[in-house]
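Undergrad: Protein sequence lines correspond, in order, to chains A and B.
Here the first sequence is numbered in full-length UniProt numbering, starting from 1 and rising by one per residue.
Here the second sequence is numbered in full-length UniProt numbering, starting from 1 and rising by one per residue.
Just so you know, the hints here were simulated from the structure itself, not pulled from any lab data.
Keep in mind that a hint or two might mislead.
Once the Cα atoms are required to be at most 20 Å apart in a straight line, the calculated SDA-like pairs of lysine to any residue come out as [said to hold, decoys possible]:
no.	chain 1	residue 1	chain 2	residue 2
1	A	Lys-633	B	Glu-121
2	A	Lys-633	B	Thr-118
3	A	Lys-633	B	Asp-123
4	A	Lys-633	B	Ala-124
5	A	Lys-181	A	Glu-213
6	A	Lys-633	B	Ala-127
7	A	Lys-181	A	Asp-191
8	A	Lys-332	A	Glu-531
9	A	Lys-225	B	Ile-89
10	B	Lys-3	B	Trp-66
11	A	Lys-225	B	Asp-90
12	B	Lys-3	A	Ser-295
13	A	Lys-633	B	Asp-120
14	A	Lys-633	B	Ala-141
Spelled out from the first residue to the last, the chains are:
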Amino acid sequence: MSRIGKIARRSFLIGTAAVAGGVAFGVYAARRPAPSPLSPAEGEVALNPFIVIDRAAVTVIVPKAEMGQGVQTTWATLAAEELDMEPADLRIAHGPPGKAYYNRAMGTQMLPVANYRLSNWQENLGAQMAVAGKFLNLQVTGGSTSTADGFDKMRHAGASARETLKEAAARRLGVARSALKTQGGAVVAPDGSRLPYTELAADAAGIDPVTAELRPQNAWRHLGKSQPRHDQAPKATGTAEFSIDVRLEGMKFAALKRNPYQGGAMHGFDASEALDIAGVERVIDLGDGVAVVASNSWSAMRGAEAVRFDWGKGSYPETTEEMFAAFDTAMKGGANSTFLDRGDADTLPNGATEVRADYAVPYLSHAQMEPLCATALYHGDRIEVWSGNQIPIHCRAAAAEEAGLDPEAVTLHTPLMGGGFGRRGYTDFTRYAARLAVRMQGTPVQLLWSREEDMTHGYYRPGAIASFRGAVRDGRAVLLDGRISGQAATPSLVRMLLGFAPPGPDKGHVEGAYDQPYAIPNARISGHVAELDLPVGPWRSVGASVNGFFFDSFLDEMAHAAGADPLTFRLEMMKDEDPGSAAVLEAVREASGWTGRTPDGVGRGVAFCHSFGTPVAEVIEVHRTEAGIRIAKAWIAADPGLALDPGNIEAQLFGGMAYGLSAAVHQQITFADGAAEQQNFYDYDAIRMNTMPEVVDIRILQSGDGIGGIGEPGTPPAAAALANALFDLTGERARRLPLADQFDFVV
Amino acid sequence: MAKLTINGAARSVDLSDEVPLLWALRDGLNMTGTKFGCGVAACGACTVHIDGEAVRSCQVAVGDVWGPVTTIEGIGTPEDLSVLQQAWIDNQVAQCGYCQSGQIMQAAALLAETPRPTDDEIDAAMAGNLCRCGTYPRIRAAIHDAAQKMQEA
Ligand code: FES
Ligand code: FES
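Only chain B is shown next, with the shape it has when bound in the complex (with noise of 0.2 Å):
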């Protein structure tokens, strides 16, 4: 029985300590905004944050999570959308939207970062995140717009 802290709220998952922290969430908790692609680290579709770091959780132990965990329904929600959110609504990212949340999860922790991301800033941290539907252009318009927003506000 794993303690952890996600999005503010102390939370405990009925689980085996070496089931991936994805599953967890998804299965143990049902909180199933973040998403399962491929298991291997190699889509970005499962993306959350351990203490403010992107991490693909379908690699990460639930026993080992390190720090408080941070997840898409932690970044708002359709009634409290984040200035980020908003600015996938406007650019009208998504499409079948099954990778969007890991997107948006690792364009937050970019922000973070580097709040006013370049291109090739923007290609280094995205690469990791899959998008089938090819949404990538629109992807990066949000990102752009969104780093302005959050300057202005």
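Extracted from the complex, chain A is given alone in its bound form (with noise of 0.2 Å):
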């Protein structure tokens, strides 16, 4: 049976429950716990657990999608911690879908309110926003939450554990709780003599679960500290397995084909030509496409291309043009949210010098490494899914619905993500594995998309525009009005998530424009949303991606027209408005040498961008050469709030500006007839080794409050930063991305 201990701070409870030869110790949310995702074990009922102890070892389970984040091992670290383990002494599981699993951090990030303002009340209401996320099924890995989501929940799962396990020894060796210590995964006796963990567990079940308080930081002996990942012996071995590696006795590949009008119908098909290419053996429809089922996937890519369809269009504009002309028709047009509204952003001010400018930037395809992949078996009565997926209850809800069967005939694996970017926060790779699955009862079957139908299909990131108005006077920015119009990349997500559409002015459309730290007296950011029935969603950083590019280069033309230092500029309006991300600013500059000079043939920018909690600031430097120019150095400073692990914080920060970088030098999402043009890595570029800047210098700030997101607020600074750079090279600015189309860069 289950056992509850107290409540631990406001909101969540801890809880015990008997496993197999051991205990399970985990949260509840208070409100009202959610069913258990642990099948009952020998009749017990299981909870949801973070720490699992049996017989042979201390398992975490992480609830949380590993797509290269190294959020497995952050996790295991903060149980790690409390339950004085090695954090490589631990095993770790992926969880299985649960509403227990809920994602506290996300509810606070829905809030309209800059993050770098949020005070203690808005913050314990996003904490309570998250709890009824709970109950709107919010398993979701994203938006930079998992560090923060965990950091309490892991810690108060180990503490109890470890003070449970002592009491259970206590009781066996007949001496008080206190008497004892633990170290190494054992209570350690007065006498010397060590009782492991695994020897306890079962004692432990039968005890009401002890809370303890949380050690202090000061206490800390792994957190703070660069941690080992325990990925990273089957990531260089080639053993670690991904969605595409899942092997089944009997198992047979297929390719996927769909529309490349998007959401247009199939009214046909011919696939005789398909079914003579040696190797394929089915050609099964899906509704709006095609599956073909083959011996190996290469011949069902070959086959999936050889089938001769009539499609009908999609009810989007057929070209880049038209849409890129919707979106100034809506910026014309009312504005769906006006977050940012400081003083009189209507009048000049006397005196100041007028700046003004447009930008825009293309749709974009994630393009993750590993290209969208499920696997599916269907039994009649029940069916198990492979899919490596960042929000797992929907994907078994997807797969239920497909099969026609309740989500408890459904076991979802999610195995290791090869890169995930925001892509698989969606359902539709899952659900046509199913689909096809049901069509193969008793026959395992792997759903590849090929390169090209990965990247001829959205979730895109929405193409957008801005026009900017703004005016300097006396070495300041004195009024800043900007109008961002494109398609909004979150609401299909959260209807999806949640089932209705998200009321209200939309936040992140315009996040990483009007959330920014800087005290201009006349300031107004409109987001203009346009309706387009593109399928598009959040891409590593979402709307910051889009707007920490348009805002900080206009910054940074602001500067110019006032002939400051551009550092200098940004630094003189932030310091008084947020001292910490001025800190930032100031690292990098330290970091990187900054005088606001350069030699002829070099150019160097700076970029701000404050998104997911945590301030970022990126140095760039690049180089004419024979070859073209070369984006030479960089340099980045961020603050976090507390860098539990600072190598793998430092990774997110270099990967995520390379993911920035590939973007705003080569990248491109464009349309003509209807059907995305790009096809292929060839067409469709990225940073590569030969291109990557020297990263000279990562400076890792901790202001100690909270706990900001790493994953994604690497990206958004780096193409402002770089274009920022062209200008003071070239003199040139770079107001249209990607880049490649106006500079010669070395390839």
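Both chains come to you apart, so use the hints to assemble them.
TA: In structure tokens, the structure reads:
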């Protein structure tokens, strides 16, 4: 049976449950425990466990998707800290879909308040919304929230496990719990003898869980130090299992082919040529596309190309030009949001110099390294699915719907993901695999998207335009009025997650612009949403990936118009508004030895963006060479509040910057005749070894309040820092991405 | 039915000769360490060695394989790591990890030819291997690290 301990802080309960040969420790939501995701073991009910101890091992359960961001190791370290164990001695398992694994931090992010201004009551309100989120099925890895989400929960689970195991030992030995210590995964008796946790686990299941105070930061032994990631050896030896690596007895390989006019109907198809290809066995109608089933993936993909289709058109504009014309129209209409509206943004202040600039960014594909893929096996009364995804509850529901079964009849496995960047927060690849499996009862089948199939179908990062007007006087900005227009990335996601379209103005559409820490007396950001039917969604850093470029590029233009050093210009307006952000900018100035002057043939740009609770500043240096412009060097500074794993944070920062630079230099999805034009990495290139700047220094500041995100905030400043550096080098402003259309880079 | 030597062992693959080596490995032999990223020689995820040379296995029909094949599984195992793989772990290179089999195979071929590569030589050798997580600085560090350890050994 399960047992419940005291309420830890305001919002959750510590609970335990017996499992075969041991005990599980976990956290309940305060209001109402969500149904347990783990199947009952030996007639006992298991709860929403984060730590399971049995005779064999101590296992931490991380209900978060591992997409490369190191979340599993960080969560294990949180538990290890309180358990008095080496993080490497913990086993790590991915949690099954369960409502109890609700994402507490993501609720906070839904508030329409700039992150740097979140006050206590707002954080509490956010936590309440997150508790509600639990009932709304929010087991989501996204919004850079994983570490914040696990920070308290994992440590409380660890502390409770430790004290409860000590209590079990105390009863066995007939001594007071306070006389016992813990070390290296064992309770240590006063005489020095050791009782391993694994031996005490079964006893602990019969004891009401003991709650304990969390250890203060100055007592931490592991947190705050770089931890070796548990997934490094498998990933260096090819033994890590990704979705695409699932292999089952008798498995068939299938390739998906859908309408290039996205959302359009399939009126009919002719599979005869496909069926002539060696290895191709069947072509199965999936309603709005087909799956070609074969003895191997290559034959399946060739077969998919050989099917002749009669496709209906999509219901969005057919060309990029028409889409951007729709943004133009939306910008002239009423605003969807004005989250920032301060002073008088309509009047040019006396004696000020006016600055104007227009910007545009294209649609983008996530182009995660592993193409989309899922595997399924349908048994008639149940279905088993393997899918690397960020939203397991929804994927399970999608598979259940396809199979006409209850969600309980779905077993969902979440293998490692070869990158996600937001794309795996949708259910489509899981749903199609389940739909196909239902047509092949008893035969396991893996459904792969070719790179071309992946790239020519959204959910894309939406394109956008911006029109900025500002004014400078005495070296400072006195007016900033920005209008941003484009498709909104998050509504389709929220509709899918919660079942209804989010009401009210869209915060995600303008984040990265309305929420930046600058004291500009007259300032307004208005968001204008263009409603098109093209599938779009979150892409690493969501709105900030767009607005970080727009907003910061315009600041740079204002600095130039004011005759001010661009870094000092930002700093002066930031230091009273948000000292934490100013410290980050100071840090990158010091790291890069910024003087505001560069020799001939060298350009430097700085950019800043506060996103997902973390301020990040980047300096990029470009060199003119005979082979073209080279992105030579980079410096990064960031303040995630607390740096639980500095080595991993560095990796996320330079990786996030590389992701932003790839898009800034090379990437765009354009449309002609209703279909996406780019197909593969030859026309959708990215930063490579020879074009990646040397990352000279990364400074991680720790202001100590809260835990900001880290998976995404490295991305938004990259494009602006590069564009600003190109201006410094060439005197030409870069107002449209990708930059390779305008500048000759080394390739 | 193609006959191959893979990681020192004779193997036969029950797929037609025109199927690329990548898929013969992955789907015919369940050797999934070698990855699919693009299918068009644009990403390097599928890199293996044929006769010691780094090649894109998505571009070589299994019937055309001209020599013994080495894959990531033949370089070392978690229990018995090669110096290069140990350097990858010591430098905590992988993020999502999906590109890393190809990166390691490319780097192994580089080090076999050029035991102490310069940064320019690393750029030239590794430019065909994409990493969407942007792990390049640590790949570079791991190659230098392995080069040094191999020379000490
Ligand atoms: S899969 Fe062979 S190079 Fe990309
Ligand atoms: S580690 Fe993710 S693609 Fe290279």
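Undergrad: For every hint, state whether the structure bears it out.
TA: Against the structure, the hints:
1. A:Lys-633 / B:Glu-121: 18 Å, holds
2. A:Lys-633 / B:Thr-118: 18 Å, holds
3. A:Lys-633 / B:Asp-123: OK: Lys-633 of chain A and Asp-123 of chain B at ~15 Å, within 20 Å.
4. A:Lys-633 / B:Ala-124: Holds: Lys-633 of chain A and Ala-124 of chain B sit about 18 Å apart, inside 20 Å.
5. A:Lys-181 / A:Glu-213: Roughly 15 Å separates the two Cα atoms, so the pair holds.
6. A:Lys-633 / B:Ala-127: 18 Å, holds
7. A:Lys-181 / A:Asp-191: 11 Å, holds
8. A:Lys-332 / A:Glu-531: Between Lys-332 of chain A and Glu-531 of chain A the Cα gap is close to 14 Å, so the pair holds against 20 Å.
9. A:Lys-225 / B:Ile-89: 17 Å, holds
10. B:Lys-3 / B:Trp-66: 11 Å, holds
11. A:Lys-225 / B:Asp-90: Within the cut-off at roughly 15 Å; holds.
12. B:Lys-3 / A:Ser-295: Holds, at about 18 Å.
13. A:Lys-633 / B:Asp-120: Holds, at about 15 Å.
14. A:Lys-633 / B:Ala-141: 16 Å, holds
Every hint, counting from the list given before, is met by this structure.
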